[in-house]
Every structure is written in C-alpha cells, then in structure tokens.
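Student: With these hints in hand, go ahead and build the complete structure from the sequences.
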Amino acid sequence: MNSPNRRSLEVDFFRGVVLLVIAVDHISGSVLSRFTLHSYAFCDSAEVFVFLGGYASAAAYTTLEANRSHAAACRRFLKRSWEIYRAYLFTAVMMLLGGALLMWLRIDTPMLQVTEWPSFLARPIGLTLDIATLRHQPYLSAVLPMYAMFALAVPFAVPLAERKPVVVLFGSLGIWLFASQLAQWLPSAYAEGWSFNPFAWQLMFALGMLARVQPISAEFHNSKTARWLTRGAIVVFLTFAFAKLFLETQAPPGYMKQNLASLRIVSFVVIAWLFAQAVHAGWIRELAKSLPSVVNIGKQGLVCFIAGACMSLVIDTTLRVVSLGHYQWIAGLTGDAIAIGGLILLAAFWRDRKEAQRARLPKRPPVPAHAANQRDR
0 MNSPNRRSLE
10 VDFFRGVVLL
20 VIAVDHISGS
30 VLSRFTLHSY
40 AFCDSAEVFV
50 FLGGYASAAA
60 YTTLEANRSH
70 AAACRRFLKR
80 SWEIYRAYLF
90 TAVMMLLGGA
100 LLMWLRIDTP
110 MLQVTEWPSF
120 LARPIGLTLD
130 IATLRHQPYL
140 SAVLPMYAMF
150 ALAVPFAVPL
160 AERKPVVVLF
170 GSLGIWLFAS
180 QLAQWLPSAY
190 AEGWSFNPFA
200 WQLMFALGML
210 ARVQPISAEF
220 HNSKTARWLT
230 RGAIVVFLTF
240 AFAKLFLETQ
250 APPGYMKQNL
260 ASLRIVSFVV
270 IAWLFAQAVH
280 AGWIRELAKS
290 LPSVVNIGKQ
300 GLVCFIAGAC
310 MSLVIDTTLR
320 VVSLGHYQWI
330 AGLTGDAIAI
340 GGLILLAAFW
350 RDRKEAQRAR
360 LPKRPPVPAH
370 AANQRDR
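Its first residue numbered 0, the sequence shown is counted upward by one per residue in numbering that gives the first Met the number 0.
Honestly, the hints are just simulated from the structure, not real lab data. Be aware that a few hints might be false.
Claimed, not checked - The following label-pair restraints were derived from C-beta to C-beta distances: (1) Leu332 - Ser289: 19 to 29 Å; (2) Ala358 - Val92: 25 to 35 Å; (3) Thr62 - Pro186: 32 to 42 Å; (4) Phe219 - Leu172: 49 to 59 Å; (5) Glu218 - Val165: 16 to 26 Å; (6) Glu82 - Arg33: 28 to 38 Å; (7) Arg33 - Asp351: 32 to 42 Å; (8) Ala277 - Pro123: 19 to 29 Å; (9) Pro123 - Glu285: 29 to 39 Å.
Just so you know, these numbers come straight off a predicted model, no measurement behind them. Built from N, CA and C at the ideal position, the CB exists for glycine as well.
Tutor: Below you can see the structure in the form of structure tokens.
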C-alpha cells in the first residue's frame with residue numbers, strides 16, 4: 000500500500016467499496032444495508048472514508064512535492080478545497096431539489112425537513128446565503144465542508160507528520176478531546192451544530208495521514224506481537240458484533256457520531272488492524288484485481304460521492320412510494336442494484352472522459368527535477 004510514486008490499488012478498492020456502502024446505507028428500504036459495517040460494529044463507512052481520505056491526501060501531497068515542489072503541492076490542495084466546496088454547493092442544490100420532489104409527490108417522510116426545502120420556501124435568499132456560508136448544510140452535503148477544511152490543512156499537516164509524527168498524533172488527540180467546545184466557533188444555524196464536527200473527525204483524518212507517511216513495517220506485521228494484536232482484535236470485533244446484534248435495543252445517540260465517540264474510534268481501529276493484516280498478506284490486492292469496477296469508483300471519489308448521495312435520495316423516495324407488501328424486499332434489492340450499477344457506469348464514464356481530456360492536451364517534455372522550483376515560481 001505504500002508505494003511512493005503510484006496510486007494504491009488497495010486504497011482505491013476500499014474507497015470504492017465505501018462509496019457503494021454509503022449509497023446503499025442511505026436507502027431506507029435497502030436490503031444490502033442490513034449487512035454493512037454499521038450492523039456489526041460501533042463505527043460505519045464514515046470512519047473508513049475519512050481515514051482513507053487522510054491516507055490518499057498524504058499520498059497525493061508527498062508525490063506532488065517529490066515530483067514538483069512544495070509550492071505546487073500547496074496550490075493543488077488549495078484548489079482541491081475549492082473543488083470540494085463547489086461539490087458541497089452542488090450537492091446541497093440536489094438535496095433541495097430532492098426535498099421539492101418529496102413535497103410535490105406528497106410523501107410524508109422526516110427526510111423532507113433535512114433536505115431544507117421547507118426552509119427554502121420560507122426564506123429562499125436567506126437560506127441560500129446560509130448554505131453558502133455553511134450555516135445550513137442540507138442532508139448528505141453536510142460531510143463535505145469538513146473535507147474542504149481538511150484539504151486546506153494538508154500542506155501543513157503532512158510535512159509535520161513526516162518529521163514529527165508523535166506531535167501530530169497527540170496534537171490531534173488534544174483537539175479531539177476539546178472538539179465539543181471548539182465546535183461552538185463554527186458557523187451553524189442548528190442548535191446541535193454541524194452533523195460532522197471537524198475538530199473531532201480530524202483525528203480520523205490524521206490517523207490516515209500517519210498510516211501513509213509512517214507505515215507499519217513488514218517486520219512488525221510478521222512479528223509475534225502483531226499476531227497477538229490480531230487475536231485480540233478478532234476477540235474485540237466479535238464482542239462488538241455480538242453487542243450490536245443481540246444486546247443493542249436502539250440506535251446510538253447522534254452526538255456519538257457527530258463528535259466521533261471513543262467507542263467508535265476503538266471499533267474502527269480494531270477493524271483497520273485486521274484489514275491491514277489482510278493487505279499485508281496480499282488478499283486485498285488479489286480481490287481488488289478481480290473487481291476493477293469497484294477500484295475505478297474509488298478513483299473517481301468526489302464525483303461518485305455526489306452521485307451516490309443523489310441516487311440514494313431518489314431511490315429512497317421511490318421505495319417510499321412503491322408498496323409490494325411482503326415482497327418489499329424485492330424493491331429494496333432492486334434499488335440497491337440500481338445504485339451500485341449506476342455508480343459503476345458513472346465511474347466508467349468519468350474515467351473515459353478524463354482520459355479523453357488528457358489525450359487532447361499537447362504533450363510537454365518532462366521537466367528536470369532541479370528545474371521544478373523555477374517552473375513553480
């Protein structure tokens with residue numbers, strides 16, 4: 000997973016799987032969502048996606064810095080933050096349109112309120128400004144402002160993680176401990192604040208960065224200590240799964256996810272260690288090679304996230320209208336298939352589109368390494 004000059008096949012595969020899971024998890028009638036991570040662990044796809052986002056950001060930054068310069072890497076992540084903000088605005092508009100569709104179809108669902116459509120009808124100009132300034136974040140667009148903030152921090156955080164990983168780790172833990180207090184400084188029209196507190200979730204992003212720039216050695220993976228850690232992780236995972244399946248009687252309160260509760264962190268770390276061992280053994284690479292469509296979804300991450308959010312809202316709305324009685328699971332499974340198939344097709348289209356754009360660009364001679372800084376001035 001740690002090749003310095005090329006994309007990680009395993010990371011793209013994991014990102015693709017997570018994007019598919021995010022899509023089906025937000026379909027209330029989904030059949031597949033009954034078997035996804037949140038059913039067996041105290042974390043879900045959000046932790047995985049943020050962790051992988053940190054890993055991929057560190058990989059992109061170090062590659063850009065090595066091949067070009069620090070200034071070029073900084074500019075790229077400034078541009079990336081702007082791209083994520085624009086994606087947030089687009090997703091927010093799609094959520095509003097989804098709310099309009101729900102109201103037009105007269106579907107009685109709590110989702111109507113979280114799309115912010117009723118608020119938009121009451122004060123369109125005010126809500127538009129609130130969305131632009133992040134005070135209102137309609138439904139599934141709410142995770143993107145956090146990512147935009149993380150992208151701005153990458154040029155500072157990644158070099159520090161390379162030089163002083165202990166400072167980054169304990170600094171991130173310190174921010175996480177005071178996340179609830181720090182969140183009061185965020186612009187928000189909601190009494191409870193942002194759906195994803197960036198001061199808490201930065202810990203997961205930082206862990207992803209550290210996993211990239213301070214990788215666990217093969218010697219440690221093969222050590223006796225690692226084998227004992229794996230056994231312990233399996234025990235903890237099975238204990239958590241038993242608790243989720245047989246002891247939990249109601250969903251955990253929302254603030255646990257909002258502020259990244261310690262139970263969620265422990266649950267994620269346990270699962271991450273088990274998958275790290277699977278990656279080290281080569282199992283994930285072989286699986287990824289057999290599922291190139293899923294890998295491609297991971298490569299087109301931002302586009303597929305937006306599309307998945309929109310598709311899940313439309314499919315969820317449709318399933319609330321369609322009633323098949325005892326055979327409702329067929330409609331749910333059909334919705335899952337449409338979401339997965341739609342993301343696979345979109346990712347393939349987007350890949351081909353980018354390749355066609357690159358083919359039209361004039362070819363430039365390679366720039367010598369010693370001249371990179373001159374070019375970036």
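Student: Decide, hint by hint, whether the structure agrees.
Tutor: Okay, the hints, checked on the actual structure:
1. Checked against the given bound of 19 to 29 Å, the beta carbons of Leu332 and Ser289, roughly 23 Å apart, stay inside it.
2. In this structure the hint that Ala358 and Val92 lie 25 to 35 Å apart at CB holds, the actual value being about 31 Å.
3. At roughly 34 Å, the beta carbons of Thr62 and Pro186 sit within the given window of 32 to 42 Å.
4. Hint check: Phe219 to Leu172, Cβ distance near 22 Å, so the stated range 49 to 59 Å is violated.
5. Restraint check, Glu218 to Val165: a C-beta distance of roughly 21 Å satisfies the suggested window 16 to 26 Å.
6. Separation of Glu82 from Arg33 is about 34 Å and conforms to the stated range, judged on CB atoms against 28 to 38 Å.
7. The hinted range of 32 to 42 Å is satisfied by Arg33 and Asp351, whose Cβ atoms lie roughly 34 Å apart.
8. Distance hint check: the CB atoms of Ala277 and Pro123 are about 50 Å apart, inconsistent with the given range 19 to 29 Å.
9. Pro123 and Glu285 have their C-beta atoms about 53 Å apart, which leaves the hinted 29 to 39 Å range violated.
Figure legend: structure checked against the earlier numbered hints; hints not met, in rising order: 4, 8 and 9.
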